[in-house]
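K.L.:
Once you've looked at the hints, dock chain B against the given chain A.
Chains as they are written, first to last, in my numbering: chain A, 1 to 430; chain B, 1001 to 1165.
Honestly, the hints are just simulated from the structure, not real lab data. There may be inaccurate statements among the hints.
As the list claims (entries may be wrong) - If you want the ones that stay clear, here's a sample from chain B, every Cβ over 10 Å from chain A, calculated:
1) SER1007
2) ARG1009
3) TRP1016
4) ILE1028
5) GLU1052
6) VAL1056
7) PHE1059
8) GLU1060
9) GLY1081
10) GLU1137
11) VAL1160
To be verified - Facing chain B, according to a computed beta carbon distance under 8 Å, are these residues of chain A, among others:
12) SER152
13) MET153
14) GLU173
15) PRO266
16) SER269
17) PRO270
18) THR273
19) PRO291
To be verified - Here's a subset of chain A near chain B, in silico, CB distances under 7 Å, partners left out:
20) THR148
21) GLY267
22) MET424
In this text, a Cβ means the ideal position worked out from N, Cα and C, and glycines have one as well.
Here are the chains, one letter per residue:
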Amino acid sequence: MEQYDQRKYFRNLLLHFRPSEVPERTLRLSLTWGLGGIATVLVFLLISTGLLLKFAYEPSPLGAYSSIQYLERQIPFGQLLRNIHRWSGNCLVFLSFLHLLRVFYSGAHFSPRQWNWVIGLGLFAAVVLSNFTGYLLPWDQIAYWAITISTSMLDYLPGLGPGIKQWILGGAEPGPATLLNFYALHTAILPAILIFVLPFHFWRIRKANGLVVPRSPEEEAATKVKMVNTMPHLIVREVTTAVVLIAALLVFSMLVNAPLTEQANPGLSPNPTKAPWYFMGLQELLMHFHPVFSVFVIPLTLTAVMIAVPFIDRDSTASGIWFRSRKGRKMALIAAVVAIAMTVGGVLLNEYLVAADAAGPPNVMNNGLLPFAAILVFCGGFYATLKSVFKANQTETIQALFTLLVISFIALTTIGVWFRGPGMQLMWAG
Amino acid sequence: MEQQTYSRRSFLNKLWLLLSTLALAEIIALIIAFFRPRKSKAAIAGQDTIIEAGRVDSFEPGSVSAFVRGKFYLARLEDGGFLAMSRTCTHLSCTVPWVSGENKFICPCHSSEFDLRGDVLKAPAPRALDLYAVSIENDRVRVDTGKLIKRSGFSADQAVYPKIT
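The following block holds chain A by itself, in its conformation from the complex:
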């Protein structure tokens, strides 16, 4: 009898964050792909491995690199621990991005969930910054130079940029103050933000009466949905996902080591020098645009669009339908194909025709304003054409435009990561 009571308490604890019943349809894997849950498990993994790593790591330019070497060679399971932390961090950036796409394409960002979309974007920013600040800590060549070029991008923000860069680096170039700043952000400030904001993200789901209920394009939104008990139906699925994820990460971490190159050398930039992979899209933009546009205007425009999406597109009748409608699916597919063709074509054209002739420094007109205006005109034309050809409604057309931007960004990142070799020349294999 006593044992039964203990189980009840444990059950109550698990149910603390959720309702006792959830709509049966939201349990389908084809709605969430478990992405939000996976991201949460990764945060737990990162915090627990990170806490252990804190006991081995020394945040100073003289001690950092050798403390990582000591961790890898002398401390039992030290290498494994570092691998799990590294791969979980990369998975978290990638899977939170997929989670963001899932929410958008299943129409889960419409009212009443629009503010949770904004909170989610904030969490995504915190995840990327966590990864970025952690990237410097090993103080090896890839870390030092990736942070050098990424923070130097700030120099191009008009006005405050150079000041912010100085503030982050604590000096003119990465040094002891930078390492200490990044260490404090990585191990205290950013985890604290994640720990406080994540529960808020979950709570907003409850306030919206659970996840968006999925349906097929022909189906009307049901007024009454079939409910099932959270325990065991949801909990069992979550625990299974977590166990499979942890097992997969463990196996991968046993097979593949986290990279560690030579110790940082401020006098020698490796060739090629690349930003962390999630900033490679930005670095690729830098190859083609005047820096004020590639670092300031374009990213700011994209961020504003991301935040504004649920407020511009307020027609929530398509929520829960993958890609809004059958027409929406076709349009999104066309947008994706056009995005890949335009991005790859644009990069090749710029590389072999325009840039080959150009001499001297880039100027704001030819390398900034004109191509940016051309892109805006193209997006506007794409929007209008698609809308009239398909006789589509606003939400389907906005989805197509969003797809155009997201797929272009993914294409740029792919080019930067796999198709740029020594001297950042285009090449055919990573």
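P.N.:
For chain B alone, coordinates are given in the frame of chain A:
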């Protein structure tokens, strides 16, 4: 009577609001001051930022010599003038090596190229390499690494020439 109590209360409320805003502003100012870039230890110790590069005739015209300690290049132009240039690329702060075979600086990060005078030969670098002040006394070249001089491109007055005796 009631009117009076209400206005006193509202006055006190406003006073509280004002004081707490002031306190908040103070805390924010304190945090910003706390994070102001720390001065380098060399600057605090008043260490000399001037580096003795060497004798004038030890540098061939049309050559570039690297100074690791001062993190700069000393270029001697074809006409005998001297330029001290930062080794930091103006694009994204990579360290630019001098490729003597091709007679230019080539940045490994984004393949910007600069000529002997630091002028941009190939984008994406937006400006010529930054300068340090050069002075020549008693046939010896000295470079002041204390202050970076930004420029858009090369002009004749940037080069320093030894006095002909």
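K.L.:
Are the hints correct? Go through all of them and say.
P.N.:
How the hints compare with the structure:
Taking the minimum C-beta to C-beta distance to chain A, about 38 Å, the non-interface status of SER1007 of chain B holds against the 10 Å cut. The claim that ARG1009 of chain B lies off the interface holds: its Cβ sits roughly 34 Å from the closest Cβ of chain A, which is beyond the 10 Å cut-off. Residue-level check passed: TRP1016 of chain B sits 27 Å from the nearest beta carbon of chain A, beyond 10 Å. Against the 10 Å criterion, ILE1028 of chain B stays outside the reach of chain A, whose nearest CB is about 14 Å from its own CB.
At roughly 20 Å, the least C-beta separation between GLU1052 of chain B and chain A is larger than 10 Å, which holds for a residue marked as non-interface. No beta-carbon of chain A is positioned within 10 Å of the beta-carbon of VAL1056 of chain B; the least distance is around 26 Å. No beta-carbon of chain A comes within 10 Å of the beta-carbon of PHE1059 of chain B; the shortest separation is about 21 Å. The beta carbon of GLU1060 of chain B is kept farther than 10 Å from every beta carbon of chain A, the shortest such distance being approximately 23 Å.
At the 10 Å boundary, the C-beta of GLY1081 of chain B stays outside the reach of chain A, the nearest C-beta of that chain being 22 Å off. Under the 10 Å C-beta cut-off, the non-interface status given to GLU1137 of chain B relative to chain A holds; the minimum distance is some 28 Å. For VAL1160 of chain B, the shortest C-beta to C-beta distance to chain A comes to about 24 Å, beyond the 10 Å cut-off, and the non-interface label holds. With its C-beta approaching chain B no nearer than about 4 Å, SER152 of chain A sits inside the 8 Å limit, and its interface hint holds.
Using the Cβ-Cβ criterion of 8 Å, the hint placing MET153 of chain A at the interface with chain B is satisfied: the shortest such distance is roughly 7 Å. Checking GLU173 of chain A against chain B: minimum C-beta separation of about 7 Å stays under 8 Å; hint holds. The interface hint given for PRO266 of chain A holds, since its Cβ lies 7 Å from the closest Cβ of chain B, which is under the 8 Å cut-off. Nearest Cβ of chain B to the Cβ of SER269 of chain A: about 4 Å, under the 8 Å cut. The hint holds.
With its C-beta approaching chain B no nearer than about 7 Å, PRO270 of chain A sits inside the 8 Å limit, and its interface hint holds. Taking 8 Å as the C-beta contact cut-off toward chain B, the hint placing THR273 of chain A at the interface holds, the least distance being around 4 Å. Taking 8 Å as the C-beta cut-off, the interface hint given for PRO291 of chain A holds, the closest approach to chain B being about 6 Å. Among the interface hints, the one on THR148 of chain A holds; its C-beta lies about 5 Å from the nearest C-beta in chain B, closer than the 7 Å criterion.
A least Cβ separation of about 6 Å between GLY267 of chain A and chain B falls short of the 7 Å threshold, and the interface hint therefore holds. For MET424 of chain A, the shortest C-beta to C-beta distance to chain B is roughly 5 Å, which falls under 7 Å, so the interface hint holds.
Violated hints are absent here; each numbered hint is respected by the structure.
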